[in-house]
Amino acid sequence: MSFVFYILAALTVAGGLAAMLLKNTVHCALALTVAFAGLALLFLNLDAQFAGFAQILVYIGAVAILVVFAILLTRGSETPRDGVFSRTWLAGLLIAAGVFAVLGWAVIGSVRVLPHETAVPTVTVLQIGNALVSRYVLPLEIVAVLLTAAMIGAVIVAMHEKEGQK
Amino acid sequence: MTPLASYLLVAALLFSIGLAGALTRRNAILVLIGIELMLNAANLNLIAFWRYGPHPELLTGMMFAIFSIAVAAAEAAVGLGLVIQIHRHAKTTDLDAMNRMKG
Chain A
1 MSFVFYILAA LTVAGGLAAM LLKNTVHCAL ALTVAFAGLA LLFLNLDAQF
51 AGFAQILVYI GAVAILVVFA ILLTRGSETP RDGVFSRTWL AGLLIAAGVF
101 AVLGWAVIGS VRVLPHETAV PTVTVLQIGN ALVSRYVLPL EIVAVLLTAA
151 MIGAVIVAMH EKEGQK
Chain B
167 MTPLASYLLV AALLFSIGLA GALTRRNAIL VLIGIELMLN AANLNLIAFW
217 RYGPHPELLT GMMFAIFSIA VAAAEAAVGL GLVIQIHRHA KTTDLDAMNR
267 MKG
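Residue numbers (our numbering), protein chains in the order written: chain A, 1 to 166; chain B, 167 to 269.
Treat the hints as calculated values from the structure; they're not laboratory data.
Even glycine gets a Cβ: it sits at the ideal position worked out from N, Cα and C.
Please note that the accuracy of each hint is not assured.
Said to hold, decoys possible - Which chain B residues face chain A? A few, computed with CB under 8 Å, are given here:
{"no.": "1", "residue": "Leu-174"}
{"no.": "2", "residue": "Gly-184"}
{"no.": "3", "residue": "Leu-196"}
{"no.": "4", "residue": "Ile-201"}
{"no.": "5", "residue": "Glu-202"}
{"no.": "6", "residue": "Leu-203"}
{"no.": "7", "residue": "Ala-208"}
{"no.": "8", "residue": "Arg-217"}
{"no.": "9", "residue": "Glu-223"}
{"no.": "10", "residue": "Gly-247"}
{"no.": "11", "residue": "Val-249"}
{"no.": "12", "residue": "Gln-251"}
{"no.": "13", "residue": "Met-264"}
{"no.": "14", "residue": "Met-267"}
Stated by the list, open to error - Restraint-style ranges between C-beta atoms, simulated for each label pair:
{"no.": "15", "chain 1": "B", "residue 1": "Lys-268", "chain 2": "A", "residue 2": "Lys-23", "range": "27 to 35 Å"}
{"no.": "16", "chain 1": "A", "residue 1": "Ala-97", "chain 2": "B", "residue 2": "Met-264", "range": "20 to 28 Å"}
{"no.": "17", "chain 1": "A", "residue 1": "Val-13", "chain 2": "B", "residue 2": "Leu-261", "range": "50 to 58 Å"}
{"no.": "18", "chain 1": "A", "residue 1": "Ala-119", "chain 2": "B", "residue 2": "Met-167", "range": "16 to 24 Å"}
{"no.": "19", "chain 1": "B", "residue 1": "Met-264", "chain 2": "A", "residue 2": "Asn-24", "range": "33 to 41 Å"}
{"no.": "20", "chain 1": "A", "residue 1": "Val-137", "chain 2": "B", "residue 2": "Met-264", "range": "36 to 44 Å"}
Given these sequences and hints, build the entire structure.
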């Protein structure tokens, strides 16, 4: 494995850990952005240029901004007085550790049979576009409908209730 | 350790961090952030399998990841809209304080 991979993996995992451990919610959102950037760089490292740039556009450009907006609108940056972790944090931590143990065991146990192609795939955006409108045209349409429905739903859910309708 | 296994281990670690956060944090927005991290870890798996698996020219893993990114964006929009509405109604984003189904 290359040196670059270790740096990017450490950056991503550190960003994720910070996003889940920091007390101030705004700092968590910033750490989340670092984790997203690390993931985008990992995608680029895997020769998936389109997915990497889509990750930067969608996650850093939209989702992180949306999270910051939600935090500021709900005044979530104030640290609650009884701690940032819920009462059942130990059970949650144990479940997560168990899941990681199972996943790690599965990966380590299947190292021999995992595929390993060394040839670097050369995929152009033109090929991705052609695939999107030929072989994957039905999923593309469904995603279009889903995004429209989600947008309408989010606007309706977050809309002010009219006075007297409560 | 092959490259694919290393990527899968990083993704498993990221997934577990997201799961731990989603299960232990009090703030509803932080729980959504944890779920986003889990979705991203799954995307990393898809891309890694696409890169090191046979027939990358068929773009299967790449397409899965792209559609997954789109669905995650929709999920984030609806989830954060719900959190804002709940905060407006209950004046809190503390999940331990949201213990009633009927406002």
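Status of each hint after checking the structure:
1. Leu-174: holds, 5 Å
2. Gly-184: With Cβ-Cβ at 7 Å, under 8 Å, it holds.
3. Leu-196: holds, 6 Å
4. Ile-201: Nearest chain A Cβ about 11 Å off; hint violated.
5. Glu-202: holds, 7 Å
6. Leu-203: The hint holds - Leu-203 of chain B has a Cβ within 8 Å of chain A, the shortest such distance being about 5 Å.
7. Ala-208: violated, 11 Å
8. Arg-217: holds, 4 Å
9. Glu-223: Check passed: Cβ of Glu-223 of chain B comes within 6 Å of chain A, closer than 8 Å.
10. Gly-247: holds, 4 Å
11. Val-249: OK, holds: Val-249 of chain B within 8 Å of chain A, min 6 Å.
12. Gln-251: holds, 5 Å
13. Met-264: violated, 11 Å
14. Met-267: Interface hint status for Met-267 of chain B: violated (17 Å vs cutoff 8 Å).
15. B:Lys-268 with A:Lys-23: 27 to 35 Å: holds, 32 Å
16. A:Ala-97 with B:Met-264: 20 to 28 Å: For Met-264 of chain B against Ala-97 of chain A, whose Cβ atoms are near 26 Å apart, the range 20 to 28 Å holds.
17. A:Val-13 with B:Leu-261: 50 to 58 Å: Cβ of Val-13 of chain A to Cβ of Leu-261 of chain B: about 25 Å, so the range 50 to 58 Å is violated.
18. A:Ala-119 with B:Met-167: 16 to 24 Å: holds, 20 Å
19. B:Met-264 with A:Asn-24: 33 to 41 Å: violated, 22 Å
20. A:Val-137 with B:Met-264: 36 to 44 Å: Given a distance of about 41 Å, which is inside 36 to 44 Å, the answer is holds.
In the structure shown, a violation is registered for the earlier hints numbered 4, 7, 13, 14, 17, 19, in ascending order.
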